[in-house]
Each structure stands twice: as C-alpha cells, then as structure tokens.
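Asker: The residues making up each chain are set out below.
There are 4 protein chains.
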Amino acid sequence: MFEPSPRVQELKKQIQAFMDEHIYPNEKVFYEQVKQNKWGAPAIQEELKKKAKAQGLWNLFLPESERGAGLSNEEYAHLCELMGRSSIAPEIFNCSAPDTGNMETIERYGNDEQKEQWLKPLLAGEIRSCFSMTEPDVASSDATNIECEIRREGDEYVINGTKWWSSGAMADSCKIAIVMGKTNPDAPKHLQQSMILVPLDTPGVKIVRELLVFGYDHAPHGHAEIEYNNVRVPVSNILLGEGRGFEIAQGRLGPGRIHHCMRAIGQAERALEAMCRRAAERTAFGKPMYRLGSVPESIAKSRCEIDQARLLTLHAARSMDQFGNKVARQQIAMIKAVAPTMLCNVIDRAIQIHGAKGVCQDSFLASAYAKARTLRLADGPDEVHLNSIAKMEMAQYL
Amino acid sequence: MFEPSPRVQELKKQIQAFMDEHIYPNEKVFYEQVKQNKWGAPAIQEELKKKAKAQGLWNLFLPESERGAGLSNEEYAHLCELMGRSSIAPEIFNCSAPDTGNMETIERYGNDEQKEQWLKPLLAGEIRSCFSMTEPDVASSDATNIECEIRREGDEYVINGTKWWSSGAMADSCKIAIVMGKTNPDAPKHLQQSMILVPLDTPGVKIVRELLVFGYDHAPHGHAEIEYNNVRVPVSNILLGEGRGFEIAQGRLGPGRIHHCMRAIGQAERALEAMCRRAAERTAFGKPMYRLGSVPESIAKSRCEIDQARLLTLHAARSMDQFGNKVARQQIAMIKAVAPTMLCNVIDRAIQIHGAKGVCQDSFLASAYAKARTLRLADGPDEVHLNSIAKMEMAQYL
Amino acid sequence: MFEPSPRVQELKKQIQAFMDEHIYPNEKVFYEQVKQNKWGAPAIQEELKKKAKAQGLWNLFLPESERGAGLSNEEYAHLCELMGRSSIAPEIFNCSAPDTGNMETIERYGNDEQKEQWLKPLLAGEIRSCFSMTEPDVASSDATNIECEIRREGDEYVINGTKWWSSGAMADSCKIAIVMGKTNPDAPKHLQQSMILVPLDTPGVKIVRELLVFGYDHAPHGHAEIEYNNVRVPVSNILLGEGRGFEIAQGRLGPGRIHHCMRAIGQAERALEAMCRRAAERTAFGKPMYRLGSVPESIAKSRCEIDQARLLTLHAARSMDQFGNKVARQQIAMIKAVAPTMLCNVIDRAIQIHGAKGVCQDSFLASAYAKARTLRLADGPDEVHLNSIAKMEMAQYL
Amino acid sequence: MFEPSPRVQELKKQIQAFMDEHIYPNEKVFYEQVKQNKWGAPAIQEELKKKAKAQGLWNLFLPESERGAGLSNEEYAHLCELMGRSSIAPEIFNCSAPDTGNMETIERYGNDEQKEQWLKPLLAGEIRSCFSMTEPDVASSDATNIECEIRREGDEYVINGTKWWSSGAMADSCKIAIVMGKTNPDAPKHLQQSMILVPLDTPGVKIVRELLVFGYDHAPHGHAEIEYNNVRVPVSNILLGEGRGFEIAQGRLGPGRIHHCMRAIGQAERALEAMCRRAAERTAFGKPMYRLGSVPESIAKSRCEIDQARLLTLHAARSMDQFGNKVARQQIAMIKAVAPTMLCNVIDRAIQIHGAKGVCQDSFLASAYAKARTLRLADGPDEVHLNSIAKMEMAQYL
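Residue numbers (this note's numbering), protein chains in the order written: chain A, 1446 to 1843; chain B, 1446 to 1843; chain C, 1446 to 1843; chain D, 1446 to 1843.
Chain A with its partners taken away, still in its complex shape (with noise of 0.2 Å):
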C-alpha cells in the first residue's frame, strides 16, 4: 500500500495545509502578477517561498545527499503529487523542473567550486537555471543525434549549436544552463557527448525567442530557442569529463522521471476532482451531471487509471531506493510512457465534462492538458520509453 513513513505523513499533512492556504487561493494573484511582468518573478512568488522554507518545506527533493531533506524517491513521490496538483506550487517549494534535475546533476556530478558556485544559489532558490539538449534541427530522441559542438581551445571550450525548449531559460532569474554537446565526435557513439555549465550571460548565448505551447507562454518560465555562437567557458565548467555526458544524461533520469509522473498524477487529481465537482453541480436531459449517460464510466475509469499510475509509480520510486537506477530502468521506461498518458486522458475527460469551459481561460484544464500533452514528448516521446520497455522485455528470451 505504499503507507507513508511518519514523517512523510506529517510532511504531506504539512504541504496539503501550505497549498490549501496559500497556493490554491493565490493562483490567480500569480497569473495576474504575472501579466504585469512576464518574465519577472512574481511577488507572491518570492513572498511564499520565504513561507515555505520557514516551514521546512524547501528542497524536499534531493535524496542521498545532506544537502537534501533525506528523503528517498518513494517519499520525496508522495510529496511531489501533492506539489503537483497546482503549476505554481513546485517553484515554490524549491522543487520545480528543471530545476531539481539539475541541482540533482551538479550535486551528483559537479565538482566543489561548481557547486559554491551554481548548487548554492539554486538551493537558495535564489537563481533559476535550463538545461540545453533537445536541437531542432534533429530527432533529438534519440539523443547521437545531438551535433551542438563543444570544441576544447587552450583552457577554454568553445561552444556552438541551437538549442530549444531550453525551459526556464526565459526567466530573468535563470542563469545557468547545463549545456549538452559533442565533445569528441569521433569517439564510441555513446563517448561523444559531454555536459558543460554555461552562464546564460556569457558572450555568445543568445535568446532567440520563446516558444508557446498550444497558445500559452508559460511565462513566468518560458522555454527558450537559445543560438549558443562561440560561447567561451573555462574548461573548469565541464561536468564530469569529457565524453561522460550520456553517463550523466542516464544518472539524471530516474529521479526526473519520478517527479513528472508525480506531479502528473497530482494533476489528474485534480482534474477528476473538477470533473466530479462538475458532474455534481450541473442538470442535463433532466438529470444530474453524475447519474447522465457515461459520465460514471468517465469517472471510474479516472479512478482506475489514476490509481494504478500511482501504484505503478511508488513501485517505481521504491526499486530505485532499493536497487538503484539502473535496475529499475524497465520500470522508471513505464512509468515515462504511462503516466503522462493517463493524465492526457483524465483531463480529456474532464474537459468533456465542463464542456466549453473546460477549453477555456475559466478553467485549469485546457492549460493542464497542453502541459499533459507536452509531457507524452518531452524526455523522449512515449513511443522511445514503450521500445525500450520492449527491448528489456526480450532480453531474457534472446
């Protein structure tokens, strides 16, 4: 049954009261703040945040490090669905993407002076940073593909590529970026690529505009299309070593994956919450909402595919505490290829059931679900997770 510990139980207790009282009523004084300054941080951003980490609920995230609130994956998950029940809330609590993943690769992989340097503030939350690896110019899924070059000169490296979704990288308060690129192309396919710290200020990096998902800006973060043009860092900046960034790349994976299907699944919550709430509150054909046709089986089936995400999800969390990531690789691949789906579905039928509201401003859905819908394709598409499971699948009959 996945029970909580007793301090995790208390820690939901504790996030469930911070949502209820300050996330959920200042939504919409974010998305209003927002407006003023699109890529500014809002006020009631930085105002809760002091709240959040005056309470302790601040880089709940980071497990197997001191720097952390030693929490594994099983429980820090339980946490995070709760987070991720509302878009603003993971910022917050110094637990939003891509943030965590890379506070993760820096303190896994970087070395001290990278870590005084980036952890700290980014701990502090006092700094955002993105993470450079998808090209549009590549099917970047499968990540060989990647050709942004990163050429050693004397004591510098020279960098030079276009990358996108670069997220948060719109943000005035980002200012960091682990980039990934070819350090050596004629190494082993797998040894070519390295990651490497770039400040967003240095010469060369340049924001080349936002991208929408659907119609939304996703502002206050943004993903960014960012020309890096002989960007110049010190070799000190790489991570790792040279070749070693598939190496990290797979390190990175595990955890990321868990807090997105977390969140995702905090998400669908959600929606199914509205989509009850919904059914109960409106009359068709002379019958409640809840009792017309297959609005039942809608909700059932929501109960049903939520519960099992979840299920499949915690499982998941545990085998990585418990084995670590490379043998709960199958299924960390599951949970990528299941949850953001399931998500995609609830919300679809949530907004069936609100009707033109639920494409609309007037609801969180339509938002929640070109997120959901992102999600099935970012971190490599469902159908790159579904070979992999596939491919893992065989091997004890090959």
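Please note: incorrect hints may appear among the correct ones.
One copy or any two copies: either way a pair holds, since identical chains are not told apart in the list.
[What the hints assert, rightly or not] Below, computed lysine-lysine pairings styled on PhoX-like, alpha-carbon distance capped at 25 Å: (1) K1836 <-> K1732; (2) K1627 <-> K1732; (3) K1480 <-> K1651.
Simulated from the structure, these hints should not be mistaken for lab results.
Add chains B, C and D to chain A, keeping to what the hints say.
Answerer: Frame of chain A; chains B, C and D shown alone:
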C-alpha cells in the same frame, strides 16, 4: 464514389489553385498583421476577398437560393473541405462559420426587410455576424435549459441574459447577433424559445471579455462573452415568429454540421500530409521515421479514418439534398459525432510524430488541435449526438 | 450514396425475402443436421441450394464473365452484405469463401480444360474447393516465406509441403485444392512461387487434422491441416504458368476482400440489431437497458462504425470496377484493415449488452466473434495491410 | 513493492517448482483424459492433488480460519497468480472457483452441521460445489431482479426457479449447490433474498444442459443450466438466516474477486511470455518479429498494463486485510473492472502476434481469451462495477 460533377470539379481546381497561390503563402502574413491590430480585418484578407470574389469563388455555400451559387450540400462539401485546410481561407471565400449559418438562417427564416438590412452586407462580406446561444450558467447542450429572457414590451423586445462563445463577436466588423432566448417560459418546452436579430451597437449590449481556447485568442475573430442588459430591439427583429427558435435551430443545424465536418476533414488531410512529410524528412535510430516502429500504422490509420469520415459526410450531405434535413437527421448526428474526434486523433498522431515542434508555433498542429478539440463540444458535445443516434436507431425496435 | 441500380435493388429484395423465408428459420435445423454428420452436406443446405438456383440467386459474385450474373463488384457487394448476415447463407447462394475466390481464380487464370473440369462443377455447386497457401512453420503473411516445394519431374509436378488453414477442406464435398508453392527458389523473389491445381484424392494428399477456431470446428466446412507428400499432378495443372503465383495472388485479392468485408458488415448489422433488441427487452436498475449508462453510446458508435465501413467498402468496390484492382490497391488494403476490426468491436459491444447469453450458444455472437477475430488474421494480419497503406501513402512524398 | 513475506516467498518457490514439474508438462495429458470421460475427474488431476496435498500446497486460500493456511488475502494473492497461469492448476491445489468462494461462504456463514457435512469434504477435495445465482430470464447483474422462489413449508424450503452459469455443476464430483433466491418478496429490496444449500441429488434438481463458452465446453467442470422444480430441503439448509442473501453475497465478493483478478494476471503473464517467445522465434519481412513495426509496443504496453493491474490488485488485497472488505469496496470494484479487460487486451495482442496459431488449439490463447472475455461479465459486467466506483467517488462531493 461521390465523384463530383464537372462544375464542382472545375471549382475544386480553381479553389485548389487559389489556395496554392494566395492562401498558403499568406498565412504568416495574415497572422503578422493580426498581431498589429488584433480585432481589425487584416489587410491581406480584404485584398484576397476581392480576388476571390472576382474569380467567382464567393458565397458558394448557400443551397436552394438565388443568392447562392446554386450548389447542393454535397457539391459544396467538396469545396468546403479544400477551404478548410487553412484557418484563414473560409472567410476569404465568404464561407466562414458562424456567418454561413447566420446567412442561411436569415435567408430561410428572415423577412425581406431583414434580408435587405443584414443578409445583403453579409453576403457582400462587408460585415460579420455572431450567434448568441450558449450560456455560461446552464448546460446549453440541452437547449431547453437556455435562460436568456426576450420579453415583449409594446413594439419592442427587451433582452436580458449572458451569452458566451459568441464566436466572431470580438471582430470590429461584427455588427449583428442572432440571439436565442425565451419569449414564453410557460409554453410547451419546445415552443418557449425564439431567435431575434440584435445589432451589436444596441445600447445594453456589452462585450464582457474574450474567451481563449487552449491559450489561443483566435484573433481576428475571437470568442466573446456578451451581456445583454435590457437590450431593446423592435418587434420586427424576431425571426420567423415567437416560439419558433427550436424550429430554426433544427433547420440551421444540418448544413452547418456538413461544413464543420468537411473543414475538419480538410484539416485532417493537411495534418496527415504534415505527418508524412515529417516522417519522410527525419531520421532516428538509424531509420527514416516513416519506417520506424508504429509510425507507418499511424499514417495508415489516419488515412483509413479520414476517408471513412469523408464518405460519411458526403453521404449525409447527399441525403440532405435528396430527402431533406429531417430524414437525414441520424446521418447528420453521426458526422458530428465522428469527424471532430477523427480530426483530434489524426492531429494527435501528427503531433507525436513532430515531437516538440508539434506542440509549438512552428507547426499548425497545436492550434488545429485546440480547435478540433473544441469542435467536439461546439454545437453539443459528442455524447449528445451519440444519444440522438441511439434514440433514432432504437426507434424501430420499440 | 451508392444507391444500387434497379436490378440490384430487385435482387436485394429477393435475397432479403429468401433470407427471411428460408435461411434464418433454418439456421438451427442446419446445425442440428451438422451434428448428425459433421463433414457431410446438410440436407437442408442442398434443398435450399436448389431453391436459390431456381430463383436465379446463384453465382452472383462473378464479375466480368459470362458465367456469372454480370454484376460489378459494387453491385454484388450490396448482395454480399445481405448473404453475410447468416453464416449458412453464402454457400446456399454458391457464394461462399474460399470457393468464390477459387472460382474467380480459375475463371481468370485457368485454361479451358481446367475450367471444364473444375470450374463447371464448382459453379454448379456440386463440389467444393480449398486454397492451400498458409504454412504452419513460417510467417506466411510475408508470402515470400512460403516453402512448399513444387518440383517439375518430366510431365509432372511433385508437391511437398505442409499447409494449414485450408478452409473448407474438411468437407466431404471438397475435391480440389489450389496450392501455392515454390517452383523456382532461385528466381527473383516474386517469381519463385506458382499456383497449381491438386485434386484432393491424389495419392500423397493427407488431411492431418481439423483446426478449431476458438472452440468451434466450423463444420460442415472446417479448416484443415494438409500434408502434401510427394503429390504428383500433371504439368497441365499449373495455373497461368510457373512463377506467376504472386501475380495470381494479387489478382485474386481484391474481390475476395470486398466479399469478406461486406459479409463482415452484414454480420455487424445483425449484431447491432441483436444489441438493440436486447436493450429493448431487458430492464436493469430500474431502467430499460437502452437508456442505461453507456448502452446508447455503444449502439450509436456501432452505427457510426458500420456505416463508415460500408461506405469505404463500396467505395473500394467502385474503384475496382472503374479503375481496376491495381489502382484500387490502397483502398482494398484499407477495407481489410478496417472492416474486421470494426466487426470485432461491434460484436464485442453486443456481447457485453447480452451478458452471459452473449458468450454461449444461445446467441450467434460468440461464434461470430471467433470468426471476426480470425478475419483480422486471415489473408494477412491487420498490421500487414496497415503497412501497405502507409507505403502507398508515403509514395507521393518520397 | 508488495515484497512478499519470507513464508510466502518460500511458498511461491514451491508452487513454481510444482507448476514446472507437474502442471505444465501434464496439461496435454489432462485434456486427453478429459476427452475420454468428459465430466469425470481426470486421473492425472487426482494424482497431482495428492502430490500437492502432500507438499502442503493445499487450501492456501482460506484467510482468518484455522482450516486454512493462515495466509492473508495479500499473501495468498501472490500464490494465486502463479496457480492462475494454468487452467488445470487451481483445482489441483484445491483452490479453484467457485469452490473457494463456496468454502469461504460456508466457513463464514454456515453452522457447524453444515460445515461438517459440506465444508469438510470440499476442503478435502473429495467433492465439488457450484453457485446457483444467475438466471437466464432477468438481468442478474442487478441482483434484486433474481426471481427463484424459496418458499417455506413447515420444516422445509421448497425451491423453484431456473439458474444458469452454475459453473462446475456438470462435473460428476459436484454434489452441492449454494442457491440464491427470494424467501420474502415483500421485504425491503435487500432483505428479500436468501442463500440455501441444495444437494444436487435432491429430487427436482435437473441439469438441463451444458453451456458452451465461445465453442468450449470447459470440461471437466462445465457450466450448467439447472432447473429447480419443487426441490425440498430441510430448513436447516438455509445459510445465516432468511433474508440475508445480500449480506452473504457482499461478504463473499471481496476474496473471490482478488482470486479471479490474480489468476487473470497469471494468465496475462503467460500470454505476454508467449508473445515474446513467438516474437523471438519468427521472422517476417526480413526482420525478427520483436523488432517489427508495432510488435515492440504491443509487448511494452502489455508489460505496463499487467504490472499496473497487479499492483492495484495487491493493493486492494492489502486494504481488505487491513481495513476489511467494506472499506475496500471501491478498490475491489476497481480490480474487477480493470483486470479482466487488461487480460483480454494482452491476450488479443498475443493472438495477433501468433497469427492463425493464436486462434486455434495449438496455443492456449484462444481458450484463455474466451474465459477472459467471460470474466468481464461474470459477477457483474464491467459497467456495473464502473458505476459502483463512480458512486463511491462521487459520494464525497454530494
């Protein structure tokens, strides 16, 4: 095979050529101009309207009227599909929703004065119109729920109510609304409602706000929430007579659905084309995408679904032409239940094959999806149509 | 609307009447007789064959031949749907698979002697035939895999191989097989195979066993596994010539698929009818089933899917008639991918609405499902057809 | 992770070994013997029952009773999955339906005399039992519809009614039925029904016929239609008391569903294994099937669905153990709605990958599908469970 007549084949060729020469190359221009003046008519549109009119590609939609082009529903359907491929095209041919439906309504149910005053400039493309039916506070898919009050006082009707999803009403050129509301709450259920013409500059008409669809504002037309506060119009503005709102709604439905569905099929064809082109040009995991995993099945299923939906829609159009809208009722309900869902599925596959490009502004897919998804709710959610189909199917067994 | 011609309308009426008078009321009788003599021809069948012949409802399938009724593929399709409603009907009209395909094959590709010896008694309904293509040991959907050896020795061909799913071969009346095998393993891939006529009483032909479909034996026709051990036939038994097996297979495909699909549509109509009747007569939870929960949506979706599949199939038939099987290839692949799956879905819904009655011998549904499910594999699994469709769709972009 | 306890792990190993050594290799033997004596107990079964008993792999299902093995629902669930992999296994471990449900019913609701007479030989595997609830003439999924009459006359109850789907009742060894019927048609709806023990050799009990499932007779157990004509049993045969039939039905449901679902998961695992093995050994279009088209996605989706259904079922079992069947009601409804459908989907994919082999007697798939499909109806169709889930979900919002 629904082989179009020679005249329609000729028109198809002309429209095809017009699309290739004038529409597709100007889609970007159009939206650039919209950015400059959100609710104004883009210059390129006005320019192309003149061209279309000059070529006789104008008002092709109006069947059984000397004001139209003399095309049957089936004949126009072929053309409508073509126009539907581009979201900017229908208005350029003066064939856009909801104006076609409104024009047809006035043509069929309006008196001479009403035709002179409103149909004439609408057919000339000088003004736009909206249709104010749906209300935010009730499940409007059950039209008996509609609450807007149309109260007679002497020689005037006084209108009070809030409507939303009055599409097109944000446009500066939108001058007239057809409003549905209750003239007689005590009459039998289907005789309570009436439709009335309300010029948008009448005192008491207030455009409250624009409604976004998945983040999109759908400028230059937009969707408006409109308050009608003690709006007074002469009694001569009523259409057909008090209590005949349902009768008009029924008559209006058939052609409108054919149009929506054929445009949906045009969109789906364009999405399939995009899917194929993308699959042809991208390589991943050592293979062109069109030979990768389930991509071929996505293409094939889309082709099968599109062709079936087209045949069903043409078949419904022919039934309407041959036997009238009443006899074709089940078929009309069927296409409304089938085509928008088909379109959602086809676009969704196209998005998946485009990866992140599919959800942002670099393809038309996300924007088309938002519209397609809305179409599953507009004019009644799928479930309402499915229930009508079932009811008619069951009739022979009860 | 694919309005049938007056002649076809007249034939439809006749067949409809024949079905009502002779077929439906005798389905039970038929299967009772089968129980007495599994592989013999049931007396009722022979009796009704005479009646059908006398009424001219005989061999309606054969297009472009003076031996047939002079109906086009499209014309026959309408009739085929009607016959398909009952599993015992097609043979009574001498229009059952695989005999129609075999007769068409001999008519098109056989020489006069072959026609005299085999086509004549087949057209007279005196004997039955089977088609021996699929092999248990290879993925036969890729026909190049087929391994049966047809080796020339002097004036004879010597055949060695094991075939299964030779449908109809269990029947006592089955006298002739068309066997596909390799005459020249060294030829280019598509010229290796040939088709040859093998009388089933030739020494070396061994009916190994019957194959069950789900638990059904499909008596009185059955599906046989046949071993061909050094079976010797005169060289004159070859069809069309050595190496032309693929050519014949291609030519044979089109009409056979139209027939299969239209019969599938007939079955689906009957399942939908059963669904509606059941929904009309049962009450649960205080409501007639046709107003209960998702039952109306099941009915409506079935109607939508059936009508679409029918239109697609008629459209394919018309294309074949107008442009030939080659041009219509994509459409033929489409109906094969669409109709059997549609049928499975419709029957599955009907089963669900029938409850336990739907899976046992008290309705025709379970038995029909077993056949429908098999049809998704017969003549190539869905996936093979989907891939063909995709290939043809992509051709224009490569 | 639902890690089983050491004791259960040990039992799993034993059962696994028993399956490998005794069950799988004897499946063919078993069904050969059944052919000789349809409704008798196959010798191999009786032999293996002794072996299982000797190893203590016997009656593992009965929780909270000194007669059982002392395993919780969750603990037994792990074992049940293993047994479920083979259709002949459950009875060999004396853990087959409906006997487990019947034994649990008598254990919980029977008096000492009833236990002595019927529970003892059932637990010893000496006799079999059936459950007579469903009736052909009413929608029995709404149990208030059940019409069988149980009328008291002096010291006897007189039973009149027709039941069908009394599974197991065709077997010679089946000696006792639990019959549900109305003792008091005038009582409040949920107090009208009672359950009563009826020895099958009582005068008036007539096995009318066997019911086939798809084409299968399910020998040696079968499904019977039974007429109860003026069947007289002593009043002491009533279970728990008059009017308590619903109460017993409720209590009986939970464990039975866990068992059904875990066996379904075992079947699904075996189908997935078959799918993978087939994909590993076949080649088509120049590729091993496991790398062909959508085959990998079929494998991956199956893995995802199986794991989710298992977690959901174990979770439901744990809830039952911790909080009782009443609290776990929604979860119990969820697994019944999820697992059988999941199993149908997984087997269907496996069939598709097996081609024609998948629908005939050469694999277990078609037979397993028939059972899985029936399981979507047994004990209430999916729709009934979905509606219960929705009702419980909505409760918090009404």
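Asker: Confirm or reject each hint.
Answerer: Hint check:
no.	hint	verdict
1	K1836 <-> K1732	between (50 Å within a copy, 15 Å between copies)
2	K1627 <-> K1732	between (62 Å within a copy, 21 Å between copies)
3	K1480 <-> K1651	both (24 Å within a copy, 24 Å between copies)
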